[in-house]
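As given, the protein sequences belong to chains A and B, one line each in that order. If you're matching positions, the first sequence starts at 1 in the working numbering and goes up one per residue. If you're matching positions, the second sequence starts at 1001 in the working numbering and goes up one per residue.
It is worth saying that the hints were derived from the structure and are not from the lab. Any given hint might turn out to be false.
Unchecked claim - 20 Å max Cα-Cα, derived SDA-like pairs, lysine to any residue:
# : chain 1 : residue 1 : chain 2 : residue 2
1 : A       : Lys26     : B       : Asn1030
2 : A       : Lys67     : B       : Asp1028
3 : A       : Lys121    : A       : Ser44
4 : A       : Lys67     : B       : Arg1608
5 : A       : Lys26     : B       : Leu1031
6 : A       : Lys64     : B       : Ala1023
Computed from a predicted model, the values in this text were never measured in an experiment.
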Amino acid sequence: MRTGWLIPWLLLPAGCVRQADRAVQKPMPHIESVIPEKVLAGASFNRMPDGSEAISLTGRNLEKGAKVRLGPHRLDTSTGNGTVLSAVVPPELYARDSIHVVQVELPDGRFSNVVPWIVLKADGPPPRIGQLFPPETRAGQPFNEQPGRRAALGLTGENFVPGSKIIFGGVELETNFGDVDRLSTLVPSELFERPGEVRVQVRNPGGKESGVAVFSVKP
Amino acid sequence: MTFAWPWPFPDWWADNLWLFLRALRESDLNLALLLRWMLQNLLLTLGVIAVDYAMGAALLRLICRAAGRSLPPALRGAAALCLGGGFAAMMLLGFGLFYRIRPRSVLGLELGMLAAGVAILTLTRAWPWAASPWRSLRVPLRWALVLLVPLLLFTADLMLPVADFDSTSYHMAAARAYKETGRLGFQGGMRFNAQPHLGVLLYLRHWILLGEDTLLKLINLEFLLILAFGLAFAASWIRRRALWLAGLLFVFTSPVFHWVARAEYADLVLSAWFTTGVLLLVHESRSSNFASLWTAAAALALASTTKLQGAVMVALACLAYVAVTRRLRPLTAIAVTAVLCGVPWWQRSLANTGSPAAPFFLKDDKEGRELARVSLRYGHGRDPVALALLPFRMIAGNPNLFADPYVFGPAGLLLLALAAVRRRLPATWRLPALLVLLYFCFWFATGQVMRYLASLLPLMACLAMALYRGRPPGAVLALLAIHAGLTASTMVRLMQVPPVTQAAASQALAESLPYYPAARALNRDSGGLARTYLLFTDETRYHVAGESFGDWFGDYNYDFLRGSASVGEILGRLRGAGFRYLFVDRSRAASAGNLFGPSLASTGLTGRFDPLPGASLLYADNRYSVFRLE
Chain A
1 MRTGWLIPWL
11 LLPAGCVRQA
21 DRAVQKPMPH
31 IESVIPEKVL
41 AGASFNRMPD
51 GSEAISLTGR
61 NLEKGAKVRL
71 GPHRLDTSTG
81 NGTVLSAVVP
91 PELYARDSIH
101 VVQVELPDGR
111 FSNVVPWIVL
121 KADGPPPRIG
131 QLFPPETRAG
141 QPFNEQPGRR
151 AALGLTGENF
161 VPGSKIIFGG
171 VELETNFGDV
181 DRLSTLVPSE
191 LFERPGEVRV
201 QVRNPGGKES
211 GVAVFSVKP
Chain B
1001 MTFAWPWPFP
1011 DWWADNLWLF
1021 LRALRESDLN
1031 LALLLRWMLQ
1041 NLLLTLGVIA
1051 VDYAMGAALL
1061 RLICRAAGRS
1071 LPPALRGAAA
1081 LCLGGGFAAM
1091 MLLGFGLFYR
1101 IRPRSVLGLE
1111 LGMLAAGVAI
1121 LTLTRAWPWA
1131 ASPWRSLRVP
1141 LRWALVLLVP
1151 LLLFTADLML
1161 PVADFDSTSY
1171 HMAAARAYKE
1181 TGRLGFQGGM
1191 RFNAQPHLGV
1201 LLYLRHWILL
1211 GEDTLLKLIN
1221 LEFLLILAFG
1231 LAFAASWIRR
1241 RALWLAGLLF
1251 VFTSPVFHWV
1261 ARAEYADLVL
1271 SAWFTTGVLL
1281 LVHESRSSNF
1291 ASLWTAAAAL
1301 ALASTTKLQG
1311 AVMVALACLA
1321 YVAVTRRLRP
1331 LTAIAVTAVL
1341 CGVPWWQRSL
1351 ANTGSPAAPF
1361 FLKDDKEGRE
1371 LARVSLRYGH
1381 GRDPVALALL
1391 PFRMIAGNPN
1401 LFADPYVFGP
1411 AGLLLLALAA
1421 VRRRLPATWR
1431 LPALLVLLYF
1441 CFWFATGQVM
1451 RYLASLLPLM
1461 ACLAMALYRG
1471 RPPGAVLALL
1481 AIHAGLTAST
1491 MVRLMQVPPV
1501 TQAAASQALA
1511 ESLPYYPAAR
1521 ALNRDSGGLA
1531 RTYLLFTDET
1541 RYHVAGESFG
1551 DWFGDYNYDF
1561 LRGSASVGEI
1571 LGRLRGAGFR
1581 YLFVDRSRAA
1591 SAGNLFGPSL
1601 ASTGLTGRFD
1611 PLPGASLLYA
1621 DNRYSVFRLE
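Chain A on its own, in the form it takes in the complex (with noise of 0.2 Å):
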């Protein structure tokens, strides 16, 4: 048993400073998201001016000195100001499919929550769609409207990476990538101008493309 620390106590009963007051700590960190959340094995997916990848971590508490680890690996990590933190990720940590556990570690010793970041094959099977939302609209009929009445069409499927495109009737459209299982993207007005059916398709950065799925302008 340690007893060191009573000496103190023996020696100076009154004004000492309590060992509740020694045991005063920051609060704990929590990291609530990664972005981005996955990421495919060798490409680029944040580029930083000096040419390096980086990931961003959002959540509480991530203070001045915290550092961000990726498994095992200690990484360059910017100061935080509370609620967002970056770090530099090497280029071997992301050169293969792989999931890392990301935590934030405190200077003080104490680390956070754990949140997966994932690096998936970058030649994986080729992408498949399942379902359009919506399948259908009418003619010049803005669908899922967002800001400024743009159209914005969803899909589920399978095998989507970072960087897969939707290409809707021919025109490769920008591509948000939800999961590998989820793309969307805004739809220019002029292609669902006229009533028919038009082809969908996904293609993967190696180019690998998936089935035609139809969706239906009506008159």
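On the provided structure of chain A, position chain B as indicated by the hints.
What follows is chain B alone, placed relative to chain A:
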């Protein structure tokens, strides 16, 4: 070439002051708690010093009664603190040989010393005699006010965690091992553990009494008090009592001395005990006082057991004494006490290494030769040009070439200037002057480590006072005070305020020591129960829990791995020797190609993402990796 200290203004002043003020403004700093913590531990430290003083004054009273003579007041103060601290350290040495370094026994020792000291001083009616030395440290109120802030900041710096290289490599690593085991067991893998290190036991005592390793440096205040008494004696001997403060400020114009006074190394305690011993010898040489002689013998004997350098300095002091006084017989007293104090250490070294003064005089003298070779690398050479340029280099050059992080400062140059313009040195001071000269020659010819010379700075201050002899004008005192005060106020070594909470201590270390997070990850996994090999991370030893090996010297040194043909062979040797963890500084490992050969360049020993088959990675950052050996 980098100029670390463009004289006369150190380049760290502005940066450090700014960083320190910023740390004070941190939102989570609880200033009230910090001040309570500082006050509490300062009071406890003063209590420990008071006990040492009481015991030392009692011993000195008995010596003086036996000799039938007394000592000048200020010299009594220095001698009393020296004897009291030395007595406590020797008792701890005894405890350590019998597995009794425990909080209870250390507290018992303090209470016993207090009771014995009070009893002897009361029975011999010596309280006024014991109290009078303190009057020699009186400081005019205006100077006390001026120096209060630097003193407060200096004290705050004494409450920072153990972080200096030699401390974490061996000084405090040894103290930690003794504290954990309760005995003074020989640590074969720890550098210089066979050498005497009596001062470490006083740091260990303070650690045990105050309960935290962040507080152990506070005992440096006792050593500084000894030096203050010594300088006060020198000033009174010169018949210029007011000069002692100028002497103290002169010492503190030296950045390297400031650093030594803030670290838990052996240099400050050596300086304090050795200066006292030499001043007592000076007194004896003029008065033939037996009390001075035997007290000098005790102080020098204690100094000789702080480190091997102490033994050399004591030998040179004896040589200077004989040369100046033409008397040999008094040296018997020094020899007898030095043997009495030194025997436990020599025997310990002999029993564990085969040499009484390891790493020298071993059958295989490899380590001794290696140490001498490394020492000769420090400095700028030993030729006349290097000698001529030395003052400039020690003031404005890169101090790292002298193996220290701070420069010597202008003290030596001021001394030379005084010697050039003032009258002859009084005969009284020939002994320390010759000693300084002899030691300087030894230092210049061997290891030019700056702090080894700084141990003599208090004696140099005495010589400066003796050369000056006049009443110090206010302007000179003010200049010295500004210089010493600014250095004291801004030499914030770790850029931290003293950590009060346990979390703050861990945080301060993580922000100050690049290896600390790695050591923490290792400790978390090992629980301190397994053997760790420190591959080029010997400076982490104090912060790595459990038993650790790996250094250029000692058991399982890097030669143990030399000639391994593959990484598998390295890991096999480590596993075979019972190691379960490997802590690597990859950048240093990469530059030690001659030790491992090119075939190992692409393994986890040198590359962060390269594999180390048969070992799982626990931690890696830009420089350090920690592996668990499967």
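Comparing the hints with the structure gives:
no.: 1; hint: A:Lys26 <-> B:Asn1030; verdict: 12 Å, holds
no.: 2; hint: A:Lys67 <-> B:Asp1028; verdict: 19 Å, holds
no.: 3; hint: A:Lys121 <-> A:Ser44; verdict: 13 Å, holds
no.: 4; hint: A:Lys67 <-> B:Arg1608; verdict: 18 Å, holds
no.: 5; hint: A:Lys26 <-> B:Leu1031; verdict: 16 Å, holds
no.: 6; hint: A:Lys64 <-> B:Ala1023; verdict: 12 Å, holds
In summary, the structure agrees with every hint in the numbered list given earlier.
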